[in-house]
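A.B. asks: If you want the building blocks of each chain, they are given just below.
There are 2 protein chains.
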Amino acid sequence: MSSHEAPLGPKHRLVQQARLLARERREREAAGLAHMEGVRLVEEALAAGVEVAYLLYSPDLAERPRGAELLCAASARGVPLYRATPEALERAADTQTPQGVVGVFRPRPWALDDLGPGLVLVLDNLQDPGNLGTVVRTLEALGGGGAVVAGGVDPYNPKVVRGAMGSLFRLPVVKLGLDAALRGLRARGRRIYVADAGGALSPWEATLTRAAVVIGNEGAGPSPLARQEADGVVSIPMVGPTESLNAGVAAALMVYEALRQQA
Amino acid sequence: MSSHEAPLGPKHRLVQQARLLARERREREAAGLAHMEGVRLVEEALAAGVEVAYLLYSPDLAERPRGAELLCAASARGVPLYRATPEALERAADTQTPQGVVGVFRPRPWALDDLGPGLVLVLDNLQDPGNLGTVVRTLEALGGGGAVVAGGVDPYNPKVVRGAMGSLFRLPVVKLGLDAALRGLRARGRRIYVADAGGALSPWEATLTRAAVVIGNEGAGPSPLARQEADGVVSIPMVGPTESLNAGVAAALMVYEALRQQA
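Going down the list, the protein sequences come from chains A and B.
1 is the number of the first residue of the first sequence in my numbering; add one for each residue after it.
1 is the number of the first residue of the second sequence in my numbering; add one for each residue after it.
Simulated from the structure, these hints should not be mistaken for lab results.
Wrong hints could be hidden among the right ones.
Stated by the list, open to error - Not everything, but these chain B residues come out facing chain A in the computed CB check (under 7 Å): (1) T134; (2) G143; (3) G198; (4) A200; (5) L201; (6) W204; (7) L225; (8) Q228; (9) D231; (10) V233; (11) S235; (12) G240; (13) N246; (14) Y256; (15) R260; (16) Q261.
Unchecked claim - The calculated label-pair distances, taken between Cβ atoms and stated as ranges, are: (17) A:Q261 <-> B:A76: 13 to 23 Å; (18) A:D114 <-> B:G232: 52 to 62 Å; (19) A:R186 <-> B:E205: 28 to 38 Å; (20) A:A73 <-> B:T207: 38 to 48 Å; (21) B:R40 <-> A:E205: 29 to 39 Å; (22) B:R26 <-> A:R210: 53 to 63 Å; (23) B:P65 <-> A:A197: 19 to 29 Å; (24) A:R77 <-> B:P241: 17 to 27 Å; (25) A:A200 <-> B:R40: 25 to 35 Å; (26) B:R26 <-> A:P109: 30 to 40 Å; (27) B:L201 <-> A:T209: 19 to 29 Å; (28) B:D179 <-> A:G9: 30 to 40 Å; (29) B:G232 <-> A:T95: 51 to 61 Å; (30) B:T207 <-> A:A30: 50 to 60 Å.
Said to hold, decoys possible - Only part of the chain B face toward chain A is listed, based on derived beta-carbon distances under 7 Å: (31) L14; (32) L46; (33) G49; (34) V50; (35) T138; (36) E140; (37) A141; (38) S167; (39) T242; (40) V249.
For each residue, glycine too, the CB sits at the ideal point set by N, CA and C.
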């Protein structure tokens, strides 16, 4: 932390690795590592007990009280800390304002048995990282049991990590194929619904406690397998001429309805 | 439409005006005009009977069937059509892919009496155009009565227009100060709730039929006036350690709950 060595430059191996982890899904999956940045997110990761591989920070971070506290907390957990030049930090960052700190962490390898008792959302080929981030944040806030990501955007895409605002460090998010996910959830006693237009049930008619709901791709909707395997199709009644809700909104309404039924 | 004149160049007055309307709120408010782009949005505006001041289009738009149909429909309504060079269209556009057409329209001057019977959301100094666009889309889809925009982001910001996906051409969206909005809504027989943490009521305990709900600013929450004037504070019960929901999600949950109570 109070290293006497020169700060890392933009060509240092760890700076390059952080940059790649922010940009390349393949790199994240091969290394089992992911990228985060900003004081708030790194604080949340440490508080959640996430394994942080290392932090890169700007020399002035330690001069701000909150920054100094962060470095202290990371150091106490044995996280390797590296000062980096402003150019190196910019290179390692995903946004233009990484707020003085970029981190590399090891996502937990969640499994179906880690899911909590609340509603589980199965995200069937979701494409928009902003949607996925909001879904994870909303699931945690409203007491959902977790998410299964079946294809589509990588849950450790930096935009998802930012959008989830720390929830991704705490909520079980399982990566699994759709078929295995549906069979595994049913074997664990969950009723499977799929959210889609033209279904027989409104959300308040479905029993969403002890259930999983499949949310389909933003354009194509749920895949045929999901429709075929589901115990029922749940539709949010559309009053206006709009064709569909934003996938993140549709997901949030399901989690809300499950919470209401529980209460 | 099959004009023999040369297409408009990037310095033409209408191209410059469209560009300014996309970028400057002051220009929109001074002229009472707004900006839209893309085949789908312009189709929705025409279908909704919105007054379109003019369209700028690329020469190749007329060669695509859907583009030709669009120009034909606009022409039948007496909308002035101007071919523009690709450079001019790019200059007039807000995004990098305006899909061959940029339009200028005159938003309807909605008033409180135009609001429908469904739930009304009062957006108290909302800042994020993406949030506002989603809120307008969700309100229309779930049968809300409309929105009152009390300060914050301009509802005719091009990002809101895009995010609302056509709903902004149909749903009543009233621009009004918070004080006048709350008094006017109450005078029209609506109960006023404010969505905030620590309230006495969960959404399913509040009577959201014939009501208005104030949704606060993304960072600061609802303003003191809203808290003071409201008949009750509605809180979405938070289970996880997350501090708050995304404002667009919170708004969507209220409209959903009103729809459920109605049904």
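A.B. asks: Would you settle whether the hint for G143 of chain B is holds or violated, based on the nearest Cβ-Cβ distance to chain A being less than 7 Å?
C.D. replies: Interface hint status for G143 of chain B: holds (3 Å vs cutoff 7 Å).
A.B. asks: Should the interface hint for T134 of chain B be scored as holding, given a Cβ-Cβ cut-off of 7 Å against chain A?
C.D. replies: The hint holds - T134 of chain B has a Cβ within 7 Å of chain A, the shortest such distance being about 6 Å.
A.B. asks: Does L225 of chain B pass the interface hint, meaning its C-beta sits closer than 7 Å to a C-beta of chain A?
C.D. replies: 27 Å, violated
A.B. asks: Going by Cβ atoms only, is T242 of chain B closer than 7 Å to chain A?
C.D. replies: Since chain A brings a Cβ to about 4 Å from T242 of chain B, closer than 7 Å, the hint holds.
A.B. asks: Return holds or violated for the Cβ distance of R26 of chain B and R210 of chain A against the range 53 to 63 Å.
C.D. replies: 54 Å, holds
A.B. asks: Is the interface hint for V233 of chain B satisfied, with its Cβ closer than 7 Å to some Cβ of chain A?
C.D. replies: It is violated, given that the least Cβ distance between V233 of chain B and chain A is near 17 Å, above 7 Å.
A.B. asks: Does W204 of chain B meet its interface restraint, that is, does its C-beta lie within less than 7 Å of any C-beta in chain A?
C.D. replies: 5 Å, holds
A.B. asks: Can we keep the A141 of chain B interface hint, with Cβ of chain A closer than 7 Å?
C.D. replies: For A141 of chain B, the interface hint holds, since the closest Cβ of chain A sits about 4 Å away, which is under 7 Å.
A.B. asks: Can we keep the D231 of chain B interface hint, with Cβ of chain A closer than 7 Å?
C.D. replies: 21 Å, violated
A.B. asks: Regarding R40 of chain B and E205 of chain A, is the given constraint of 29 to 39 Å on their beta-carbon distance met?
C.D. replies: 33 Å, holds
A.B. asks: Identify whether the interface hint at L46 of chain B stands, where standing means a beta carbon of chain A within less than 7 Å of its own.
C.D. replies: 14 Å, violated
A.B. asks: Please check whether A73 of chain A and T207 of chain B have a Cβ separation lying inside 38 to 48 Å.
C.D. replies: At roughly 47 Å between Cβ atoms, T207 of chain B and A73 of chain A fall inside 38 to 48 Å, so the hint holds.
Going through the hint list in order, the structure does not satisfy hints 3, 4, 5, 7, 8, 9, 10, 11, 16, 17, 18, 26, 28, 29, 31, 32, 33 and 34.
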